[in-house]
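Chemist: Sequence:
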Amino acid sequence: MKAGFSDDGYIIDQNQFSAYRYRGMPSSVNGCGWVAAYDLLRARGKDVPFEAVHRDMNALFPLQVPGPTPVGKLMRYLRRHGRYRLTWGRAACLRAAAKAPAGILRYWEGNTPHFVPFLRLEEGRYRFFNVNDGQEDIVLSMEDFFAGHCLRRFMRLITPGE
Numbered sequence: 001m002k003a004g005f006s007d008d009g010y011i012i013d014q015n016q017f018s019a020y021r022y023r024g025m026p027s028s029v030n031g032c033g034w035v036a037a038y039d040l041l042r043a044r045g046k047d048v049p050f051e052a053v054h055r056d057m058n059a060l061f062p063l064q065v066p067g068p069t070p071v072g073k074l075m076r077y078l079r080r081h082g083r084y085r086l087t088w089g090r091a092a093c094l095r096a097a098a099k100a101p102a103g104i105l106r107y108w109e110g111n112t113p114h115f116v117p118f119l120r121l122e123e124g125r126y127r128f129f130n131v132n133d134g135q136e137d138i139v140l141s142m143e144d145f146f147a148g149h150c151l152r153r154f155m156r157l158i159t160p161g162e
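In the working numbering, the protein residues as written are 1 to 162.
Source of the hints: derived by calculation from the structure; they are not laboratory data.
Using N, Cα and C, we set each Cβ at its ideal position, and we do this for glycine too.
A portion of the hints provided could be inaccurate.
[As the list claims (entries may be wrong)] The calculated lysine-lysine pairs, modelled on DSSO-like cross-linking and capped at a C-alpha distance of 27 Å, are:
1. K46 - K73
2. K46 - K2
3. K46 - K99
4. K73 - K99
[What the hints assert, rightly or not] Label pairs and their computed distance ranges (CB to CB):
5. D144 - A92: 28 to 34 Å
6. R152 - G124: 28 to 34 Å
7. K99 - G45: 15 to 21 Å
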């Protein structure tokens, strides 16, 4: 396994990408947006190298001022590669995730806004990538993920559009 990647090619640990600067900071600190975009494109069968995703997402920010990736910028990038839908709110996100083959959850991990990509598995289970240290590649129900990680009610979900 290449450092930072799962055996099946998803980025699961942004800490391994400190050499890639994003918005003026190492991706190990501030790279969850482009990492999530790469994983969702991979889940959709898009063969885009991670270096290209990093470069193109970073180019959306001509001024390299540190800060989180706005959801609108991430949607703008993803829509270059297909149709995507944005959902707001806990209950609506649960319903949308139950129908989507993959997606990106935007929520607060403690006091930090975070993007986490996921794949929907069988029997109400989901595989989450790049959650936090020790949980780089985990399988949970969406409800269990929300209970353990989404302590603030503010969340958004990006899913493939029809």
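Chemist: Any hints from earlier that this structure breaks? Give me their numbers in increasing order, please.
Modeler: Hints 5, 6 contradicted; others consistent.
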